[in-house]
Amino acid sequence: MKYKILVVTLLYAFLSHAQKEVSGKIQVEIVQKKELGYALHIPADSKDKKPLIVFLHGSGEKGTNIELVKVHGPFKYLKTHELDAYVLAPQCPENEYWDTEVLYRLIIKIQKEHNIDANRIYLTGLSMGGWGAWNLAFAHPEMFAALVPIAGFVDRVPMIENCKIASMPIRIFHGLLDNVVDVDYSMTIYKKLKECNSNIKLTIFDDAGHDSWTRVYDNKEIYDWMFQQQKK
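Positions 1 to 232 (the UniProt record's numbering) are the ones given, in order, by the sequence shown.
Misleading hints may appear alongside valid ones.
[Claimed, not checked] Each pair of labels, with its calculated beta carbon distance range: (1) 194 - 101: 44 to 54 Å; (2) 97 - 66: 40 to 50 Å; (3) 215 - 34: 25 to 35 Å; (4) 26 - 180: 21 to 31 Å; (5) 199 - 22: 20 to 30 Å; (6) 214 - 164: 28 to 38 Å; (7) 199 - 93: 26 to 36 Å; (8) 26 - 196: 30 to 40 Å; (9) 139 - 194: 33 to 43 Å; (10) 22 - 195: 39 to 49 Å; (11) 215 - 25: 23 to 33 Å; (12) 228 - 161: 46 to 56 Å.
Think of the hints as simulated: they come from the structure by calculation, not from any bench. Just so it is clear, the structure is predicted and the values come from calculations on it, not from any experiment. Don't be surprised by glycine CBs; every beta carbon is placed ideally from N, CA and C.
Please work from the sequences and hints to get the whole structure.
Now the structure itself:
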């Protein structure tokens, strides 16, 4: 009996010394190289400071053919109309999604290289680009004078941090019959933003599916509205 007690005591003593906890820190530097193609429209008169429209395309325009970014949005409008503004349309690489910090650095680069009014930078996008526009606006709200997301998915962060863009004028568009990105995303974020942002409007087109952007971007009205907005 004493032998058994001795064995148990020795086993307990061994386990007590074998088990322990440690804590520490690790510092890691991860360097990534990203490449992003883009198209840039330069206004006829660029001597004076001019506004900048940043347009993010949808998933169907990914790749390396820069002409794809001109299929929809402001560049399509520019084929038959004039805009007295810079228009920047980045192109998302194939098999990737919009990277917020890469987009931010691209805009900074364009600002440094051209005569852009920093108080009149407007952000817009459709579908995947609407999702990218929401994320970019929340990551860098200090940069943009207005936001126009169309048919965009909305991540959890914008839903939670809605008041982060309380002073930013916003116009949201979505199709009621959208079977790609549910209209509920736009309705929910609108209700959240309305709690602290008085300059926000949601337009739902009852007869539109996923393409609720053509009638918006093909209309002079949205550009006139953007150009009236200035960063506070």
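Hint check results:
1. 194 - 101: 44 to 54 Å: Roughly 29 Å apart at Cβ, these two residues miss the hinted range, so it is violated.
2. 97 - 66: 40 to 50 Å: Taking Cβ atoms as reference, residue 97 and residue 66 lie about 18 Å apart, which means the hint is violated.
3. 215 - 34: 25 to 35 Å: holds, 34 Å
4. 26 - 180: 21 to 31 Å: violated, 41 Å
5. 199 - 22: 20 to 30 Å: violated, 53 Å
6. 214 - 164: 28 to 38 Å: holds, 30 Å
7. 199 - 93: 26 to 36 Å: This hint holds: roughly 34 Å between Cβ atoms.
8. 26 - 196: 30 to 40 Å: holds, 39 Å
9. 139 - 194: 33 to 43 Å: For residue 194 against residue 139, whose Cβ atoms are near 22 Å apart, the range 33 to 43 Å is violated.
10. 22 - 195: 39 to 49 Å: holds, 46 Å
11. 215 - 25: 23 to 33 Å: With Cβ atoms ~54 Å apart, the hint is violated.
12. 228 - 161: 46 to 56 Å: violated, 26 Å
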